[in-house]
Amino acid sequence: MATDRRAFLTGVGTIGIATTAGCVGGFGEEGNGEDGGNESQGGSGNESGNDSDNGDGGGSANVGMVYATGGLGDNSFNDMAQQGLLDAEEEFGVSYSEAEPESNGEFEGAQRDFAEGDYDLVSCIGFAQEEALTSNASEYGDQNFMIVDAEVDADNVRSYVFGEPEGSFQVGHLAGLLTDMEFEAGAGSTNPEESVVGFVGGVESPLIESFQAGFEAGVDHADTGAEVVSSYVGEFNDTAGGQETARSMFEGQGADIVYHAAGATGVGVFQAAQDQGRFAIGVDADQSVTESDYADVILASMVKRVDSAVYTAIESVVDDAFAGGETEVLGLEQDGVEAVYGQEIGGEIPDEVVEAVDSSRQAIIDGEIEVPDTLE
Amino acid sequence: MSDLLSRRSAAVALAVLAAVTIAAGLVFPDSWVGTVLSVLASPGTHTAMLRLAVPIALAAIGGIFAEKSGVINIGLEGLLIVSAFSAILVTFRLGAGESTALLSNHWWGFAVGVIVSTLFALLFAAVCIEFEADQIIAGLAVWLIALGLAPFASRIVFDSPNTGNVGTFDAVTVPVLSEVPVLGYLLFDTGPDVYVMLIAAVAGWYLLARTRFGRWVEASGENPKALDTAGVDVRKVRYAAVLLSGIFAGLGGAGFALGQLGTFAGGGETDIGGRGFIAIATYLFANYHPIGALAGSFLFAGLDAVQIRLQTYGYAVPTELIRTIPYVTVIAVLVLFGKTRLPEAAGEPYDPDED
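Heads up: the sequence lines are chains A and B, in that order. Going by UniProt numbering, the first sequence opens with residue 1, and the numbers climb by one from there. Going by UniProt numbering, the second sequence opens with residue 1, and the numbers climb by one from there.
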């Protein structure tokens, strides 16, 4: 038995070291190594041949992107950020390089690679980069940085945070109003016997709980006496868990609309909705487009305009008007978050519901409604 | 003897506790006990249990064959991942909802998933049996390779770690019989993946306990020298047993992918999410009995289905704690009833020249 255990430990150790070594080495191409030197300079992307010149007012810029773990192709967060970059490329002809770190430990190195190189702006996507950027921002005081979803207090960093609770409030209001009606569209219909809506979260964290808090407040605001059932799957990639959770809400509790903030786990929510002939609400991107197989049950999506944050930051660098040291809050008022109705069935939502949701949006912007961002 | 006695009294205490709980739940249906009971009794919980048990039960039965023959296969998780991914990929490529050569493309995907898993098992068998590599390290390697390979391939094909959606098998509804209370919705109105699991469990038991091959497998794990002396090639028996573990795990992975997921999420630990490791705990806990492994996977999947439902009732218990219910229960059951004995020669490569 003792030798078994030793063999096991040796095995885990060896493979662990090998894996770590693999990570450190990276793929080279995109320079996501911890100390990969200047690899990234020659990396992917330099599509427009324009030389970058920061002080040129209206001239083009060179942008370094550090994506959140999960990388491109996630159909939501990172892809949205890249969209902002591509829009800026089209509009201003900026050149860029991209890094897709695999783990939180690689952020610092990836940011440093860009800071050492000749970049006018380094974009850090995701709250997990906060700590790495805090130390890099002071070390590279002349480098302009931006960060999405976190606040870093430094003169050369512009922070962008979103009003997720406000956006979630909007879709919560929508769900609260609809669950009380008899409504049928696409492949779904509401449950006239019960007034229950659901929330499925990925992993418990202050950010995801702020989605839940906003959603619950929105349902409450609809004042239809609708009840919110909520649950966390514990994973962002557990499709089966998301499916069973949503199924139990639809079947067991009589819910008819479930909102998710759970990444790939949320695909399971859409599957369950389709299976049970109920509705779901997407998150981050317009999921009736990105997950078009489920467009017939997606009422709306709480869209976070990460693309516009990236775009405006690049724009400010191009215009030589980059203002560091500030935090920009992108809430409903700034169109940073919004409830986007589903492509396929969103048009069938009754006008009075759409109007009510619009008016609560205005009320939030005017400060008449306070949206909580934590669960009480 | 005293050990047996204390276990028996523990079991009796547990049964009394269960009876009291049920009585309390029936008397006060609005209390938390009543809620737990209603969750336990709801058909949704039962069908969820069957669906969630598929990958665990099948991987566990596969693991039994490998380990009984003396090769510890902790790469089951990797086999589940590759079979789930390739099943989805092939179904997607052929066109979901269409048929090729009179057979629905879902079944072609299913077959390819099983084949890919078997090929991975063959690789693992060669490394362990031919080259006498450490089985634990080789098993971990299978898992890590699968964990990297599936999302990588997915990126090439789908430009994303998550694949497209192919939908799932249609449920098989047996007329008349599906109207029978309880058994009807459990056994006669369910997905083909569930039937595969039930049939495979019985077939696995028969093969292991009632055939000559089953006795060879047992001997190869307990006393390979004796088997060799009797004129049976230990190498061949072990190869066959490891390949069988690949087939069973492949049935589980492909069945789970096409019966429940309909898509493959390759981020993080993928949407298999450690079910292969649960399978290892399950067969150890069933003491290498295929039917016992099926029951064990029902226990685990059933508790998972229960915790999912309990969370939504909004008790003040943190959801992280509710999620640990299946794991805590399995440990409790292991302590009370587990008596696992590893095969004598498990983990050791067989060298015929050694005395």
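A portion of the hints provided could be inaccurate.
[As the list claims (entries may be wrong)] Residues from chain B that keep clear of chain A, each with C-beta distances beyond 10 Å, as calculated:
#	residue
1	V39
2	L52
3	T100
4	F158
5	F169
6	V172
7	I308
8	G314
9	E320
[Claimed, not checked] Distance windows between CB atoms, simulated:
#	chain 1	residue 1	chain 2	residue 2	range
10	A	S189	B	A11	43 to 53 Å
11	B	K339	A	E370	51 to 61 Å
12	A	V289	B	R93	19 to 29 Å
13	A	A128	B	G148	41 to 51 Å
14	A	V289	B	A23	50 to 60 Å
15	A	G325	B	G167	43 to 53 Å
16	A	E348	B	R93	45 to 55 Å
17	B	E344	A	E130	32 to 42 Å
18	A	E102	B	F213	39 to 49 Å
19	A	A128	B	G314	21 to 31 Å
20	B	T329	A	D142	55 to 65 Å
Because the hints were derived from the structure by calculation, they are not lab data. Beta carbons: idealized from backbone N, C-alpha and C, even for Gly.
Status of the hints after comparison with the structure:
With a least beta-carbon separation of about 7 Å from chain A, B:V39 fails to lie farther than 10 Å from that chain, contradicting its non-interface assignment. Residue placement check: B:L52 does not keep its beta carbon more than 10 Å from all beta carbons of chain A (closest about 7 Å). The claim that B:T100 is not at the interface with chain A holds, since no C-beta of that chain comes within 10 Å of its own (minimum 21 Å). Its closest Cβ contact with chain A, about 7 Å, brings B:F158 to no more than 10 Å, contrary to its assignment away from the interface.
Non-interface call for B:F169 relative to chain A: holds, since the shortest CB-CB distance, roughly 13 Å, exceeds 10 Å. Every CB of chain A is more than 10 Å from the CB of B:V172 (nearest about 16 Å), matching its label as outside the interface. With a least beta-carbon separation of about 5 Å from chain A, B:I308 fails to lie farther than 10 Å from that chain, contradicting its non-interface assignment. Here B:G314 does not stay apart from chain A, with its beta-carbon only about 7 Å from theirs, under the 10 Å limit.
Interface exclusion of B:E320 from chain A breaks down, the closest Cβ pair being 6 Å apart, not more than 10 Å. Range check, A:S189 to B:A11: about 48 Å between beta-carbon atoms, so the 43 to 53 Å window is met. About 60 Å separates the C-beta atoms of B:K339 and A:E370, a value consistent with the hinted range of 51 to 61 Å. The hinted window of 19 to 29 Å between A:V289 and B:R93 holds, with their beta carbons roughly 23 Å apart.
Hint check: A:A128 to B:G148, Cβ distance near 21 Å, so the stated range 41 to 51 Å is violated. The hinted range of 50 to 60 Å is satisfied by A:V289 and B:A23, whose Cβ atoms lie roughly 54 Å apart. Distance hint check for A:G325 and B:G167: the Cβ-Cβ separation is about 51 Å, which falls inside the suggested range of 43 to 53 Å. Take A:E348 and B:R93: their Cβ atoms lie about 34 Å apart, and the range 45 to 55 Å is violated.
In this structure the supplied range 32 to 42 Å is violated for B:E344 paired with A:E130, their Cβ-Cβ distance being about 54 Å. Evaluation of the 39 to 49 Å hint for A:E102 and B:F213 yields a pass: the beta carbon distance comes to about 44 Å. Distance hint for A:A128 and B:G314: a CB-CB separation of about 29 Å, consistent with the stated range 21 to 31 Å. As the Cβ distance of B:T329 to A:D142 is approximately 58 Å, the hint placing it in 55 to 65 Å holds.
The earlier numbered hints that this structure contradicts are 1, 2, 4, 7, 8, 9, 13, 16 and 17.
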